[in-house]
Structures are given as structure tokens and as C-alpha cells.
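Student: Sequence:
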Amino acid sequence: MKELFNKEILTKIYPKILENGFYILANVFLLIFIMYPVFTVFLQSFYGSNGFTIDAYSKFISDSYYFGILKNSIVVACFSTIISIFLGFIFSIIIFKTDFKFKNFFKIAVFLPIITPGFISSLAYVFLFGRHGAVTYGLLGLEPNIYSWKSVVIMQSIDYTTTAFFIISAVLLGISGEFEDAARNLGSNEFQVFKKVTLPLLIPGILSAGLLIFMQSMADFGTPIIVGGNFNTLATASYFEIIGRYNTQMASTLSVILLFPSMALFYLYSKYHKGYELKKSKLTKYSLSNIQKIILGFPAVFFSIIAYILFFAVFVASFTKSFGHNYALTLDYFFEAISAGQLAIKNTLVYALSSSILVAFLGVAYSYIIYRGKFFGRKLMDLVITLPFAIPGTFMGLGYLLAFNNYPLLLTGTSSIIILNCMVRKLPFSFKTGNSVLSQIEESVEEASLNLGASRLKTFYKVVLPLLKPAIIFSMIYTFIATIKSLGSIIFLMTANTKVLSAMVFESTINRQLGVGACYSMFMVILSIIGILGILRLKGDKKWI
1 MKELFNKEIL TKIYPKILEN GFYILANVFL LIFIMYPVFT VFLQSFYGSN GFTIDAYSKF
61 ISDSYYFGIL KNSIVVACFS TIISIFLGFI FSIIIFKTDF KFKNFFKIAV FLPIITPGFI
121 SSLAYVFLFG RHGAVTYGLL GLEPNIYSWK SVVIMQSIDY TTTAFFIISA VLLGISGEFE
181 DAARNLGSNE FQVFKKVTLP LLIPGILSAG LLIFMQSMAD FGTPIIVGGN FNTLATASYF
241 EIIGRYNTQM ASTLSVILLF PSMALFYLYS KYHKGYELKK SKLTKYSLSN IQKIILGFPA
301 VFFSIIAYIL FFAVFVASFT KSFGHNYALT LDYFFEAISA GQLAIKNTLV YALSSSILVA
361 FLGVAYSYII YRGKFFGRKL MDLVITLPFA IPGTFMGLGY LLAFNNYPLL LTGTSSIIIL
421 NCMVRKLPFS FKTGNSVLSQ IEESVEEASL NLGASRLKTF YKVVLPLLKP AIIFSMIYTF
481 IATIKSLGSI IFLMTANTKV LSAMVFESTI NRQLGVGACY SMFMVILSII GILGILRLKG
541 DKKWI
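FYI, in my numbering the residues of the sequence shown are 1 to 545.
Please keep in mind that the hints were generated in silico from the structure rather than gathered at the bench. Everything numeric in this text was worked out from a predicted model, so none of it was measured. Hints are not guaranteed to be accurate.
What the hints assert, rightly or not - List time: in silico SDA-like cross-link candidates among lysine to any residue, alpha-carbon distance up to 20 Å: (1) 499 <-> 343; (2) 71 <-> 229; (3) 469 <-> 343; (4) 107 <-> 297.
Construct the complete structure from the given sequences, taking the supplied hints into account.
Tutor: Okay, structure coming up:
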């Protein structure tokens, strides 16, 4: 009887111990791998070679150069955000709300930036429109100077249009066509329906896209370095402080300053954005005149042509002797890239797979803990998980470099630090995706399992996790591709043994080895496509997205 009693007690207590242990581990992970690196950057910005000092901040305030690069960063981010949202919005309307012909032409064009990182497009831009570009020099005989802030805005806008398209489309697909039909029945024309019904409902998606794109632009150092010329931003200045001078105090100071515009925008977004739920609904189409179709279609056609040309330019450059001058076919660059980049290819694949799997499951686990949990500190956990979304990648990369460079958490130089950094950067996306799916799962499903005696952990594993499969698959795809493209947040963390393809492309471009860089770019594209198809096989339905 005593043994039975003890067994019954253990049966009841053991799941509780596991649950509490899981909650503790979840919070410890957030403290170590999110809060600790952030705190370290702030701390380092006040410490120089002689101890505590505010010299770096004084220098930033007194030197007009630093104010100039702050202004550069904000101006470029604003222009890039506005243009990207405009184009992403146009593509969303054309693809989902009109009867345009050749929609696949537009779909492929808007998907291309997903598998081609921004600095790769910048590389193609140089191939085509640089001093010895195929178009400017080869066709027109011109040698223009394209290296300016305008080129940075153009290339960032092309790269970020896809981000705007996906976010705005997600909201657009959730708008019930019944609202628009009701407006039409009351006598509104198509423009009035759009202005009074569709556009106000799209505001949450537009704000979300604007926030994300603004922060991506602020943290982007690759594009300004490649096509900006002497145009510097806070992100590029921070990069050169580390790579060129290893001045960690000034780099930390610049990163902290870089954080303020992003955090201010994130605060305003969180305060005034009430959120929205993504639900499938009946879509209605706009009945547009030919003139309206031309006005709507012109920017989309122009963007699509540019996107196709840039992608084609990288492909051709990887197999020709000198793009724009000598188009003789060659495999020299291919063999050179294969020889020098074998380790980078393997690292890229391993990091992308590891990050995508871990992020997908961690994200939905945190979603379940916070969304379904009834404990003190839920909102604080939500804030901490979302924090990397509001922090520029270079800030987080510098934080990991400083935080994990000493015992007992010595991770610098290892693959683990890169995987962890990529995980933390993409965790907010998986977390929010999990929340969206959980909001559509009735709690009664879980209550039935709990009432039958299952623990909350077992309920999550047996009941909830299978229902979260769409969120897991989508998070895996996003993280896999984002990790392959990642550079800003891991540029400070790589060594000769942990380099990835994005770094090889960046270095080749800086060293003007454009053919080799183009080959590395194509390897990234191939890995992205293989990864997407492989992950979709887990779903068993390639038409899922």
C-alpha cells in the first residue's frame, strides 16, 4: 500500500516537476542568449582602455561626422521603407485582388529576392550599371558613378519589397469579401471600396511591414559598402570599427545609437497597433478599367523586369570570363568557388538546417507556454522573445562577440555561437506565427486531454504540436532561407573554420572577384531551393504555400 501510495504521488508530482523545470529552462535561455548580449553591448559602450568613461558618447555628440551618418541611416531607411511598402502593396493587389493575366510572371519576380540576398542583387547592379557595366558601358558607352545613397535606396527597396508583399498579403487574405460587397451594394465604386474598406483594414499589415523594413535598412551594412561608395551609415561605421580597428567601445556606442530609432518606432508600433488575426476568407476581385490596370501594372512590370534582369546577370556572370566585356563561357570561377568554398557550403547547410529545426520547435513551444500559460511574468517573457525583432542584426552580432568571449560561456570561434545567434534572431517570427495558429485552436481540445489525466507537457506533445504543423513548416522555411542569407548578425562571429557562403560572396565582392562571388551566389540560390522543397516534403503537399 505504501509503495502504491508513493507511486501515485510520484505519478502526480513528476509531470509538475518536468513542467516547472521546462519553464525555468525556457527563462534561463532567454536571459543568457537575449538579455545578456544586449546588456553587454550597453556596458561595453561605457568602458574604454582606462575603465569607465563616456568618451565614446562625447565623441559621437561633438563630431559632426557621426551626426551625418545617423542622418544618412534614417534618410535611407525612410526612403527604402516607403518604396518597398508601395511596391509590395501593388504586388499584393495585383496578385490577389485583380484578374491580371500572367500573374505567375509577377509571383516569380516578387519571390526572387527571397533566394537572392540584397548584396547579391547589389553585385548584379554593379555588373549591369557600373562604370564597366553591361548596360551602361557595353550598350551605351557610358562610365557613370553609381556609388551613392540613391543606389543604396534602390537596392534595398528591391530586396525588401518581398517582405512588404508577404506581410501585406497575409492581412489582405484575411479581409472578408463581404465587407467590400456590402460597400458595392451601397453604391460605392471600386476606388471608394478600396479607400474606405480595404485600405483601412490593411493598415496593420502596412505598419508591420514598415517597422520590419525600417529596422532591416538601419542594420544593413552590406548594401552601402557595395554600392554606397563614400556614403556611410551607422551600420557600416560600426562594422569598420570592429573589423578595421577592433574598437569595441566605439562599435558598441554606434550600435546603441543605432538601436534608438528602431526601438522608438517599435514602441510607437506596439502602443498604437491593436493587432489582427489571420483567417481564411472569401476574396473578391476588383473590376478595373484598362487605364486603371495600366497605372497599377506599370510599377509592378518595371520592378519585375529589373528583378529578372538582376538575377539573370548574376547567373551569366558566374559562367562568363568578364561580364560586360568578354562573354566567352568559362567554368574557371565555378571550379575556384567549389575549391575554396567547400567548407562554407557545408557550414551554410548545417547552420541553416540546425537553426530552422530548433527555431521552429522553440518558437511554438514558447507560444504555447505564454499564450496558454497562467503565470506571473507572461508579458515580460513575450517582450523578451520579441526583443530581437526590434534589435538590428549588427547589434546582436556584436553582443554575442562580447558576451561569449570568456569563460564560462566561451563560444567564440565555434559553430554553436552562429547557430544560436541565427536562432535568436528568427525566434520572434516563429513565436508570432505560433501565436497566430494557436489563436485558432479551441482550448477545449486541450482541456479534454487534461481532463483525461494527461499532463500539460504530454498534451502539448500529443495534441497541440500536430495542430501547429503549419506554423512549424512555415517557420522552418523562413529560418532556413534567412540563415542562408544572414550576414549582418554573424559577420563578427565567423572564423576561417566557420565561414558561410554569404560571407564568401561579400568578401569576393569587396575584393572585386565578381565572377567567383556570382558563383557563390548561385550556390546560395540552389541551397535555398533545395531547402524549401525538402521542408515542404514534411508537409506532404508542395502546394501548401
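Student: Output the indices of the hints that this structure fails to meet, ascending.
Tutor: Result: hint 3 breaks, nothing else.
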